[in-house]
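Those sequence lines, one after another, are chains F and Z. Just so you know, we're using numbering that gives the first Met the number 0 here: the first sequence kicks off at 0 and counts up by one. Just so you know, we're using numbering that gives the first Met the number 0 here: the second sequence kicks off at 0 and counts up by one.
Please keep in mind that the hints were generated in silico from the structure rather than gathered at the bench. Even glycine gets a Cβ: it sits at the ideal position worked out from N, Cα and C. Some hints here could point you the wrong way.
Partial selection, computed: residues in chain Z whose CB lies under 8 angstroms from chain F [stated by the list, open to error]:
{"hint": "1", "residue": "99"}
{"hint": "2", "residue": "105"}
{"hint": "3", "residue": "108"}
{"hint": "4", "residue": "118"}
{"hint": "5", "residue": "121"}
{"hint": "6", "residue": "148"}
{"hint": "7", "residue": "149"}
Okay, here's what each chain looks like letter by letter:
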Amino acid sequence: MPVWERSQVQGGPEEASLRDELIAELRNQKETGEPVIIIEKTHRAMTRLYVVWTKWNNIDQRVRSGIIRDAFTEVRGATAADNVTIAMGLAPEEADRLNIKWRVSS
Amino acid sequence: MSYAARLRATKETVRDQIESADHRLDESQTLILDEKYHAGIYIAGLAAEMYLKTACFLVRGAAETDEIELLLRSVRQGTNPPVPHGFKHNLLFWYEELVYSRMQAGLSSVPTALKNVVADLCADWFNEMRYRPGSASEQEALRALENVEYIAKQHPSLRS
Chain F
0 MPVWERSQVQ GGPEEASLRD ELIAELRNQK ETGEPVIIIE KTHRAMTRLY
50 VVWTKWNNID QRVRSGIIRD AFTEVRGATA ADNVTIAMGL APEEADRLNI
100 KWRVSS
Chain Z
0 MSYAARLRAT KETVRDQIES ADHRLDESQT LILDEKYHAG IYIAGLAAEM
50 YLKTACFLVR GAAETDEIEL LLRSVRQGTN PPVPHGFKHN LLFWYEELVY
100 SRMQAGLSSV PTALKNVVAD LCADWFNEMR YRPGSASEQE ALRALENVEY
150 IAKQHPSLRS
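Required output: the full structure, derived from the provided sequences and hints.
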């Protein structure tokens, strides 16, 4: 049986700060700038969340997802959060390459 | 008889796909141990697709002996709006169909850890990655493998 050493998935010290910024943005969205929050309804009436943000660089995707879910739950409540299927945090370049439409002109 | 002809001697069933998912996951581990990281990620993603797809079919009442092709046809015909192009290999599609099917069947919602694992996998895997030369890192490969191992472990509880 192979043995692999794996690092634990943990948020860095900035995790709480990112969550707070996201909560503030969800409560009072700015006209321009980041983070860009995309709340997408699926044909099954479920919700996908994409947050495009330069600050995600160097943060594990699973930690990003946790931060987004926490912030969304705080602002929209547990019932709305239960309806979220996927919460992805993406740096701008990642979002572009995954074909996420997030730019105002796109 | 050619290998493809031997494989096609019987219709592919739900049980076949579950067994194939286990085999692909095992092969992914072997590839990653051999430092074939890109191939390891690709094969692991195929396993994830099969775990999610079969769990979805079983929650909808399929039997393990049911033919996959017939089940896929019913998804293709019963989804409005039409299923996305390449839906057969779309991780997000099968994951969301599983979440929806569990909800429709009155079953518990999927664990939050699974939601985060799928998000992570969707950021790392896409079916067409097989056409890219690619050079993933060991860390990326291990992360993908860990995510699919988690899905494999959850499969018994996701399907019922």
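Check each numbered hint from earlier against the structure, then list the numbers of those it violates in ascending order. 2, 6 and 7
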